[in-house]
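Chain residues, written in single-letter form:
2 protein chains.
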Amino acid sequence: MRKVTVAATQMRSRGGGDANRDAAEALVRAAAEQGAQIILLQELFENNYFCQKQKPEYYALADTVEENQAIQRFSAIAAELGVVLPISFYEMRNRAHYNSLAVIDADGTLCGVYRKSHIPDGAGYSEKYYFSPGDTGFQVFDTAYGRIGCAVCWDQWFPEAARIMALRGAELLLYPTAIGDEPLNPALDSRDHWQTVMRGHAAANLVPVVASNRTGTEVEDDWQITFYGSSFIADEHGAVVAVADRESECVLTATFDLDAIDATRNAWGVFRDRRPDLYRELLSLDGETAE
Amino acid sequence: MRKVTVAATQMRSRGGGDANRDAAEALVRAAAEQGAQIILLQELFENNYFCQKQKPEYYALADTVEENQAIQRFSAIAAELGVVLPISFYEMRNRAHYNSLAVIDADGTLCGVYRKSHIPDGAGYSEKYYFSPGDTGFQVFDTAYGRIGCAVCWDQWFPEAARIMALRGAELLLYPTAIGDEPLNPALDSRDHWQTVMRGHAAANLVPVVASNRTGTEVEDDWQITFYGSSFIADEHGAVVAVADRESECVLTATFDLDAIDATRNAWGVFRDRRPDLYRELLSLDGETAE
Chain A
102 MRKVTVAATQ MRSRGGGDAN RDAAEALVRA AAEQGAQIIL LQELFENNYF
152 CQKQKPEYYA LADTVEENQA IQRFSAIAAE LGVVLPISFY EMRNRAHYNS
202 LAVIDADGTL CGVYRKSHIP DGAGYSEKYY FSPGDTGFQV FDTAYGRIGC
252 AVCWDQWFPE AARIMALRGA ELLLYPTAIG DEPLNPALDS RDHWQTVMRG
302 HAAANLVPVV ASNRTGTEVE DDWQITFYGS SFIADEHGAV VAVADRESEC
352 VLTATFDLDA IDATRNAWGV FRDRRPDLYR ELLSLDGETA E
Chain B
102 MRKVTVAATQ MRSRGGGDAN RDAAEALVRA AAEQGAQIIL LQELFENNYF
152 CQKQKPEYYA LADTVEENQA IQRFSAIAAE LGVVLPISFY EMRNRAHYNS
202 LAVIDADGTL CGVYRKSHIP DGAGYSEKYY FSPGDTGFQV FDTAYGRIGC
252 AVCWDQWFPE AARIMALRGA ELLLYPTAIG DEPLNPALDS RDHWQTVMRG
302 HAAANLVPVV ASNRTGTEVE DDWQITFYGS SFIADEHGAV VAVADRESEC
352 VLTATFDLDA IDATRNAWGV FRDRRPDLYR ELLSLDGETA E
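Which chain is which? The protein sequence lines are A and B, in order. Per the numbering used here, the first sequence runs over residues 102 to 392. Per the numbering used here, the second sequence runs over residues 102 to 392.
Be aware that a few hints might be false.
No copy labels: a pair is met if it fits in one copy or bridges any two.
Said to hold, decoys possible - Below, simulated EDC-like cross-link-like pairs (lysine to aspartate or glutamate); rule was C-alpha separation at most 20 Å, straight line:
(1) 154 x 321
(2) 104 x 167
(3) 229 x 378
(4) 229 x 374
Worth flagging that the hints you see were computed from the coordinates, not collected in a lab. Bear in mind the structure is a predicted one, so any value in this text is a computation, not a measurement.
Sequences are here, hints too, so could you generate the full structure?
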């Protein structure tokens, strides 16, 4: 048996900076007190979701891996508490800007950095203005508590990303995210759609999924987004085993036996029966095989 | 608006042959009376699920496309009723045997044949004994009522298959299937897992999914399988809009506006934002890129 307790956290922005990092730290400490060993904070938790509008001055929110304050602070907390912490941050490296995730191991060392591969674009979610599509490819990280696959928000909509992390041996999939209503289409509620896609990844790959979403309302000029929370943990069959409401700041936990799940995954046979010889169209945008 | 009504049917085997084809015809006629234009029958409905045991004599159940009785009979019914009918059958072509699906258009002509790509193997589901893995690749069919993607049973567990059909423009995904309990592991109930994976395909690709499963108990020598029915139709967000119980023989229908779904799919942006440059590992079994 190799039991691991994971946590999803959920919080609202305090406007950014230390107030946000303080709130995130409080949630991490609360999760650790509940026994969590891998604790997920939401996407870009250091700031308001600045992608609501296209403003050149928000480029100043980006930092290098070495200088980012959240990575520095939460590396020390990870070592103190003995927990794994994927930290979402706005990364600048030379002239490039990315929506990145630094995975910090339970001894406080940096396992590596993943850069969000799929970048959305739409009213209220102008991420293509702020971030280049990531160049790292999909990543798994060998941590003190297992091999984890981490991707970021919009990545969670793509079965390809989940599958590649699973193929590389991910035992858990973690997605920090920031999603809510649509400023120009208030009737659209994607909450259930969002959960169903990720539950599908869990079920298809027989890997538990942890999703940590922002909550609260953030105003930017002439409109606002209310993030819908609803952070959740799904088991290896895609069943939701813990879920938050839309408004609360909270910690969810679940415990998984990674060895038992591995046995279940092998017994089910889907990784044995894949047909890579028939998947070439996946390498195209339009379903035509490019030679 | 381009509204299409689809139907999933669910039945038990009468032991095979004309009794099975009669029962299937009754369900097709009932579905057509309810307005269905695309009607899905379950996997290998002409026979008991013969893959429970490995018996060489069951190879005699295979036919060529030209000689299969179900294809002949349901082609006439399709033309009479003006309905599209994907027909699952045990195909023999020269020395090869496949688990195949003949898609019959609403005028009774054959759109084409798909051969099941992913072949399961386990106690009670000895399909690798009877079928070679299909060589057609994933198929979409232009029918009188839209472009449909069809795959068979175990294929429904693979996000790659659903994605390729969606990339090729499938507006609906249809899966005939035969799944139930596990003779050697009676405690295992994969019903919810099975539904969640396919709901995930619908949600990730923004394409409705229709699944038609067998029901009833079939005895083969020293054991039996009880097929769990639970046929369902999910909408383009993965929400279940119609679902059968485990035991009933029945018809489910749902109506979709394929133009409205197409607009929703484009607005959501996932097909715009895919990263084929990062998906090469999908062409491997083990997540290592093969050059």
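Tested hints:
Within a single copy, residue 154 and residue 321 get their C-alpha atoms as close as 7 Å, which meets the 20 Å cut-off; across copies the closest is 64 Å, which misses it. Taking identical chains as interchangeable, the C-alpha atoms of residue 104 and residue 167 are never at most 20 Å apart, the minima being 33 Å within one chain and 55 Å between chains. Proximity of residue 229 and residue 378 under a CA criterion of 20 Å is satisfied inter-copy only: 18 Å between copies versus 33 Å inside one chain copy. For the identical chains of this complex, residue 229 and residue 374 are inter-copy neighbours only, at 10 Å across copies versus 37 Å inside a copy, given an alpha-carbon limit of 20 Å.
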